Amino acid sequence: MARTILTVDGLTKRFGGLTAVDAAHLTVPEGQITGVIGPNGAGKSTLFDCITGITAPDAGSVRLGETELVGRAPHAIAHAGVGRTFQTPRIFEGMTVRENMAFAAVAQTGESVVGALARPGAVAAEEAETDARVDELLAFLTLDPLATAYAGELSGGQRKLLELGRVLMLDPTVLLLDEPLAGVNPTLGATIVDRLEALRTDGRTIVLIEHDLELVMRLCDTVVVLHHGATLAAGPPSVIRADPQVIDAYLGRMET
Amino acid sequence: MVDLSGLAQALTFGLIEASVIALGAVGLTLSYGVTRFINFAYGEFLAWGAFTVVFLVAIAPALPLPLAVAVAVVAVGFMGVAVSGAFFEPIADRGGLPLLITSIGVAFVLRYLLVAIASTDARSLPVPLQRPVEWMGVGLTPVQAVVIGVAALAMLAIHGVLQYTTLGTVMRATSGNRELATVAGIDTEAVVRRTWVISAGAAALAGVLYTVLYAPVRPTFGFGYLIIIFAATLLGGIGRPYGAMLGAVLIGVTISVGSAYLSPAYDQAYAFIVLVVVLLVRPEGIRRGTF
Amino acid sequence: MGLLAGCTGGDGGEGSADPLTVGVLVPFSGDYAWVGANVLPVVQMVAEEVNAAGGIGGRQLRVVQGDTEALPDASLSATQQLISVEEVAGIIGPTSLTYSAVADLFVENGVPTVTPTAGTTTLDTQGGEYVYRTVPSDSIGGRAIAAAAREERINGIGSFGSMALMVGQREVYQSFKEPIGSSFTEFGGTVVSELDFRTGKASYESEVQALTDAAPEITALVASIEDSVKIMEAAYQAGYEGSWFLTQDQTNVDFLSQSEAVVTDGALGIQEAPYEAAQADGRAAAFDEAIQAYAGWEETRLFATNAYDAANLLFLAMHKGQVDDGAVDRASTAANVRAVAAPDGTVVTDFDSGAAAISEGTAVDYRGLVGPIDFNEFGDIAAPFSIRRADGDSWVEAGRVRPADL
Amino acid sequence: MAIVTGWVAFVVTVATIACIYGLLTIGLNLQFGFTGLLNFGHVAFFAAGAYTAAIVSMPPPGTVPGARYMIGLAVPMPAGLLLTLAAATLMGGVLAALIGVSAIRLESHYLAIATFALAGIFYDVLVNERWLTNGTFGMTQVPKPLRATLGADAWALAYLLFAAATLAVVYLLVGRLLEAPFGRVLRGVRESTAAAEMLGKDTDRIKLVAFSLGGAIAGLAGGVYAHYIGSVVTGQFVAGVTFTVWAALLLGGVASHRGAVVGAFILVAFQQSTRFITTAYDAAVAAFPDTLGVVLTALAAPLPGHPAFLPSVRFMIIGLLFILVIRFRPAGVLGDPQEVTVMGSEE
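Protein chains in written order, with this note's numbering: chain A, 1 to 256; chain B, 257 to 547; chain C, 548 to 953; chain D, 954 to 1300.
None of these hints come from the bench; they were simulated from the model. If you're wondering where the values come from, they're calculated on a predicted model, not measured in any experiment. One or more hints might be untrue.
[As the list claims (entries may be wrong)] Here are the computed distance ranges between Cβ atoms for each label pair: (1) B:315 with C:760: 37 to 47 angstroms; (2) B:420 with A:41: 46 to 56 angstroms; (3) C:654 with D:1226: 24 to 34 angstroms.
Glycine included, C-beta positions come from ideal geometry on N, C-alpha and C.
Use the sequences and the hints to build the structure in full.
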């Protein structure tokens, strides 16, 4: 059984009267792809927001390995190793693809005023290193021909790939992908799925929100079903597919 | 003589100023509702309203003051529509930031157009000077009472429009989300225009009441008073007319009490401090509810 | 043909010698635009009279505006424009607002400068070589106010024992505060409270509240017309019973027209006394009539007489330079300003008579509308003051304060 | 020294003022152009720098007649110039940091109002706290380094060179910063603070650093201004200065480092050239009294005659500049349209 890398325990978030996430729990095994499914409004995105610190949960804990993440700023959580993409990609449209990628490079000397002015040598070295890594990732994601294009000119699918590449620059321990295939044309979709599988074989841990149930069942090692903000069920696709509660609440509609 | 010292009197002065601030704040918040940007040119409508009346009274002394004020309110109301049509609507789809920066330009144009016409001399209105009358323990001149009355009436009218007319319901719908309203079949162009008439008209009336209370005034007083109106609008919660009214009372009282008990040299600063604290603590304003 | 060909510093009509340029360096925009509006027409009128009489050494006078906008950086470039681009032979101005930012340029370029408006006490000890003024220093004006407040003989109301100083927070007003306060105490009165207030406020209830608490017999109110109307009306409403003493800025018909008699009646004001000699020989009345016609005013505005004297002094000084050394240059003009006003010369009261006398080689003593114009070492003048009392919509003279009395 | 006379002297003065506005525009561009922070209180940092330079270099109160200020450290010139400029820069940065720490998290519209209001409060402090700023009398004996030894003309030229050199140094240093990852991080924060945060960048700290750096450069501009004019008075630090710098930035090009400086020079040149409208008008009438003169006077006749008319036309033109640049050329003269997404797409 793979080691649990990320544990979400009793996570609750209320917006006024609405309980978006209701004591949800989630255990993410290392090196696997975990799918999070549920009808619209089941609290999937809010769950991601709470994990990554964008919204502070009302109760519950999120532990990455041993470190507790609740209460820490999003950038600290990112540094701790949690990478995340957004439902609608938030890429820097006014910067080139290459600049978008280089932006995410971690802890650069050139990011501080003193560093950038006083230590040009170190900055140049790090830039070269960053460029190499960017080229490698762009090639991996088939975006290298677009390296110098402005991100604003990219198509929907290309933006998804760019956002994935950007978060990979952080070399995160856990990768949270919010509907990586939504609005993507099939050919580019296949590339993205192929890249996800490659990341898994590379030992990367992925949690993804996806509506394409057939894909989820085929791709994910474990599936977690959210319903009205609560964890309805969790387990391998085969078990989830047969679970009466899930069928009734969710999959039932898919059968008819 | 009326005991003019004391908290009650300071509160009275605060309420008197609050009636002017409230009219301005309600007008600003209404136009924010449909345009979604903070209009730095709004103060100039106060100045244009005041100076239109000064101009009308000068060329037609026989014209009764209330009639001149009505003409000014309507004229500046339509001026608001013209300004919005010329400068703001064409770039309405470009987001709040370009609109906000454009409003700085519009403020310069309107202010110095008025200075070009009226020069920078201070002017006042033919309002009788009266001694305060004791009324429930505080001093209030009949003119000040009229000002509060007119402001209250105007806000009652705006309340009536919002609550009991189709225009009101449509305005409230559009102020939530303009695209949604268009999809729902509302002629948002017409709503935006009508909102501008009410918003700029309210500003003109506020400008006239300001001039009645605080004459003589210069044509550049609008921009200086803008921050006080911003404070009231944001205190009440941007986009909420009833919030704006409440905010205005609080700001008026803060300035007056602050000047009386702390130092009168920092009167603007008290409104600023309240504004900045509100922005930091509750940007969505103090009043519950959405409208 | 370019519409604005030869647009700057053009050499004027064909044939006649270069024009002689004079700069008027005062605010023409912003809150103090009224200063430019009061000073410019007077200088233009005098220049036209000089030009009509053949100019100076055959050269026509050209008056150029330098807008200081009452801002230091704008006044610096305006001064530079006048001195280096327009190459002015002399300057009328600047005001107290921007004097310290540009004083250096006058001295360094040796530009003769006669200011008709800068009463600021900072100029009390700096002028005299290039900078002169045809307006008495606020220190003398303040002292005159204090003396008048103490002497029933002068103010016609009573000898005031207690005074409050209510002064706007601007240099042009604060410059009066110390002179009034210390002189009033020196003359045996007591200053019961000093209230500095922020100028340009919407209303002044709190400041008036502090005033009524202090309950002075008289309040010296040093402020703009706009703020004074607000304060005096608020005081009237708050039941203030004491008297008021206003300064030159407010002692005019325009101020009285902006408020009601019940508020302003009995208020004391101060103006430079029309020089008895100027009144006696009708020059003051003639000037009033001429300038009101020329500029379309209904009354002679503040600083008009000072500007008249400043312009005449400067043009006479240039004329003397033309007669003595056949040319007009800045250094000689600066020295000549003092020379043409020296007390030992024969008395002249306008450009024509002065120029004629100078041409014949006689030393002249210019006496203006403001006073005898006898410069002390710092280029300051002492002038008699007329103490006025508001009565309805006009000012009535209550008494006179001679420089000797101070 | 007759080298600096006539038009040259005027141009030298205008160029020095342009260098000072260039520094202010670089500072604002760092805050808004590159980081998206809508700062409507820039004049407060300019004032903080100017007053600090004055306080550090002015003679002690005892020696100045009628002085109301309490502190005058009389740092000797010219050696002390670097010290006073460093102090001015520091104070501009500290004031920006104080305002930033409280207001930086605000959404841009609210930040605009907060900075506008805080600059208003700071102006009231300058006017009222006489013990520090000598109130409305202002600090009028700020020493001009080497002024005595050089004489006016040479000093004016020397100070222009000094101001230009300061501008050049700041331009190069900030340029290098913007080329380095530091610039890239700022632009990312401008485009989407949430995304930048998710990529591990402490966006609050970055905004604060950018805001303080912009304030520090404005403080330096205040120091250079103080030693140039020699007198620091409250009348100079009004909201109009903030919006003049904004006009320069919009004209030059938002988020364009070169554009900011070019915009400042264009705008100052425009402002100072309108000074000649009256003289040009008079000269034209004098030069062609008959035909043209009649036309011009007829043209001008209907316009109100009061002297505030022409200056108000100048401010209306600046207002139109704001409107037209945003609507038709949001990237400004030298800006790169693709870079300026924050202004929305063009017409």
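Violated hints, by number in ascending order, as checked against the structure:
Going through the list in order, the structure violates hint 2 alone and respects the others.
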